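Using the hints provided, position chain G relative to the given structure of chain Y.
Protein chains: 2
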Amino acid sequence: MSNHNITKPTLLVDIERVRTNIKRMSEKAQRNNVEFRPHFKTHQSAEIGEIFREFGVNKITVTTVEMAEYFAQHGWSDITIAMPVNLREIDKINELTSIAPLGLIVDSEFSSKFLSENIFNKVNIWIEINAGYNRSGVINDSISEILRITEIIRNSQKLKLSGILSHFGNTYSAKSLEDVQNIFADSHIKMQKVRILLESKFGSEFKISVGDTPSCSILEDFGQVDEIRPGNFVFYDLMQLNIGACTEKDIAVTLACPVISKNSEKNEIVLYGGAIHLSKEYIIYNGRKCFGAITTLNAKSWCKIIQNAFVKSISQEHAVVNAPESLLKTVEIGDLLGIIPVHSCLTANLMRKYLTTDDRIIEMAKFR
Amino acid sequence: MSNHNITKPTLLVDIERVRTNIKRMSEKAQRNNVEFRPHFKTHQSAEIGEIFREFGVNKITVTTVEMAEYFAQHGWSDITIAMPVNLREIDKINELTSIAPLGLIVDSEFSSKFLSENIFNKVNIWIEINAGYNRSGVINDSISEILRITEIIRNSQKLKLSGILSHFGNTYSAKSLEDVQNIFADSHIKMQKVRILLESKFGSEFKISVGDTPSCSILEDFGQVDEIRPGNFVFYDLMQLNIGACTEKDIAVTLACPVISKNSEKNEIVLYGGAIHLSKEYIIYNGRKCFGAITTLNAKSWCKIIQNAFVKSISQEHAVVNAPESLLKTVEIGDLLGIIPVHSCLTANLMRKYLTTDDRIIEMAKFR
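First to last, the protein sequences are chains Y and G.
What the first sequence shows, in my numbering, is residues 12 to 379, in sequence order.
What the second sequence shows, in my numbering, is residues 12 to 379, in sequence order.
With the rest of the complex left out, here is chain Y:
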């Protein structure tokens, strides 16, 4: 890794770790006999997408219509857009469905009716269920609403009902492995109840699709689930390490940042690298906000996380690092340090490209 070419905040990616993360999750899906439909919003890169193909992946998840367009242009033909369908993009959706089979999400009668009246080509539909995360989705016990939505979809020629879908996003704020297991178990039961009800009522099969990274990483048995859609696991990050969803050596990205200031009296180092590179996502670590862990770089990659070194505050372009004396002694202004991001999805989204540890640039989609 030619560190001397790095002059500004640069997102390093270790492709071997990426490959290992994909392989592990892919094999786990196979062992569980569930469909593996990874979420590509984390990496947003056609080139990283190709690594998934090595493991037989041919179905993906994205969040937005523009992301679906991008990956469709790169040869992906079975794409679920896992956000309640944005009706204002119906024209683009219709364009896309004429090229690639799409999966769309609904959580209301209104959107279901709108789609049944405005979709030109066949699409797969998932009803989103709110199983406790409390973002979007029909609440799991709003049975009559779920039944009405199901009727609308089943009465449409173009809409093909695949099943029920949920994101157990509350696992991201889990404090322990047991927390994650409990959230999964609780949400899984809710999903299973909805499915049983629908199947008994309509006499046909309904799949269950779930897929947060903490659950998919920690659990060995996915129960009655038919499909998983994790995304973050491709890189992992400090938040996942903190939850226990990965080990340090699974984390596949680090932000290389120039040292621009240091203050030995205050035990601080200031890095060029801030909210416009990392986002303002934080975890609470030893009772304090932590916006990233700190590592040094070597000729091949980055090193282990340095104990008691962390980003304690962050502004637009600056990160203030709490630095132990040992680090202060060895680091000078103009050197590079690595920040392990708290949330790799948001960091990758901000950085828009990667530098591999063997010095290649990997581009991401250009959206705006």
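It is worth saying that the hints were derived from the structure and are not from the lab.
Predicted model, so just to flag it, every value in this text is computed and none were measured.
A few of these clues could be false.
As the list claims (entries may be wrong) - With the Cβ distance kept under 10 Å, some of the chain G side facing chain Y (calculated, not the full set):
{"id": "1", "residue": "Ile17"}
{"id": "2", "residue": "Asn274"}
{"id": "3", "residue": "Ile294"}
{"id": "4", "residue": "Phe378"}
Stated by the list, open to error - Computed footprint of chain G on chain Y, listed as stretches where at least three residues anywhere in the stretch have a Cβ under 8 Å from a Cβ of chain G:
{"id": "5", "segment": "74-81"}
{"id": "6", "segment": "209-221"}
{"id": "7", "segment": "273-283"}
{"id": "8", "segment": "318-328"}
{"id": "9", "segment": "333-345"}
Positions of the beta carbon are idealized from the N, C-alpha and C atoms, including for glycine.
Here is chain G on its own, set in the frame of chain Y:
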């Protein structure tokens, strides 16, 4: 404003409000007889930069070398890069100084020596002082260090010492107008003490440059300050409104977002618009995290902030809005709502372009 053309999260800008904000700050600088060197990191747009020229602005502040390059290419020739100089970019800095006069920031003997040995052309140097914000800068009472840095700069043929510079960024967490005034008064005295000491020691003039938006907006008298560098005031935002640095009608940007889900039982609306559009910056409002205020859009612009409507949680692409019944009754899936951003600098940085309320696209710099 042709709202029907807006299909996804779109950053609206009201150029008349932008012009009024610039005019007001420019006139205040003139009344105070201080140099006005606005920070262009907020808007990052050559076109918005042109509005500043209408008010005689010919000096600007940026944060990074690439931002300096961009604005130099657009005709700006007096640019301060207001972050401790990134020594790893010395080659680009030397290139730039051959085209445009630059101002650089140092807060260490190390960087000062490095510059004195590696700069090819004359540059203006500011010594950054930490007057209480505790990010970068030499602590104001580290007198011997400040003197040593001054000596190094004065002994260099290429480095021209302009004076001392500080960012009173602690005003951003002020809870009241008095808080801002007190932080300014306290930090101002510290800066003035350093200047008096330097002037008595070296017998020449040293300027004071400061410039956070809360101080510059709230104070009528800038005391002994020679130059102000506010940036955020060009757009303002919810954070500035909360501090009291602006009124609601000064806020010049709003994120238009499609409604993708609503839940009347939970008093919630879900918008397509999340951390990748707004950032995860929040304020505490009535004891709860608030990631944005909510407004409706009309044919010309956006309307007043709706009481008791706010973004209560945010993920990568979703915003969950706490919605009063009156709003729930009038808004349907597929409509647009506006989110007044908590921090307009981070929002603009994420969005990378603007839509004016008279339907023109304004581009920002393309960096990555």
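Verification of the supplied hints:
Taken as an interface hint, isoleucine 17/G checks out: its beta carbon lies about 7 Å from the nearest beta carbon of chain Y, inside 10 Å. Interface restraint check for asparagine 274/G: the shortest CB-CB distance to chain Y comes to about 7 Å, inside 10 Å, so the restraint holds. At about 12 Å, the closest approach between the beta carbon of isoleucine 294/G and any beta carbon in chain Y exceeds 10 Å, and the interface hint on this residue is violated. Given the 10 Å rule on beta carbons, the hint for phenylalanine 378/G holds: about 9 Å separates it from the nearest Cβ of chain Y.
Only residues whose C-beta sits within less than 8 Å of a C-beta in chain G count toward coverage, and the segment 74-81 of chain Y has 4 of them, enough to reach three; the restraint holds. Residue count for the segment 209-221 of chain Y with a Cβ under 8 Å from a Cβ of chain G: 0. That is fewer than the three needed, and the coverage hint is violated. Counting residues of the segment 273-283 of chain Y whose CB falls under 8 Å from any CB of chain G gives 6; the rule of at least 3 is met. Remark: the segment 318-328 of chain Y is confirmed as covered by chain G, as 4 of its residues place a Cβ nearer than 8 Å to a Cβ of that chain, reaching the required three.
With 3 residues carrying a beta carbon less than 8 Å from a beta carbon of chain G, the segment 333-345 of chain Y meets the three-residue requirement, and the given coverage holds.
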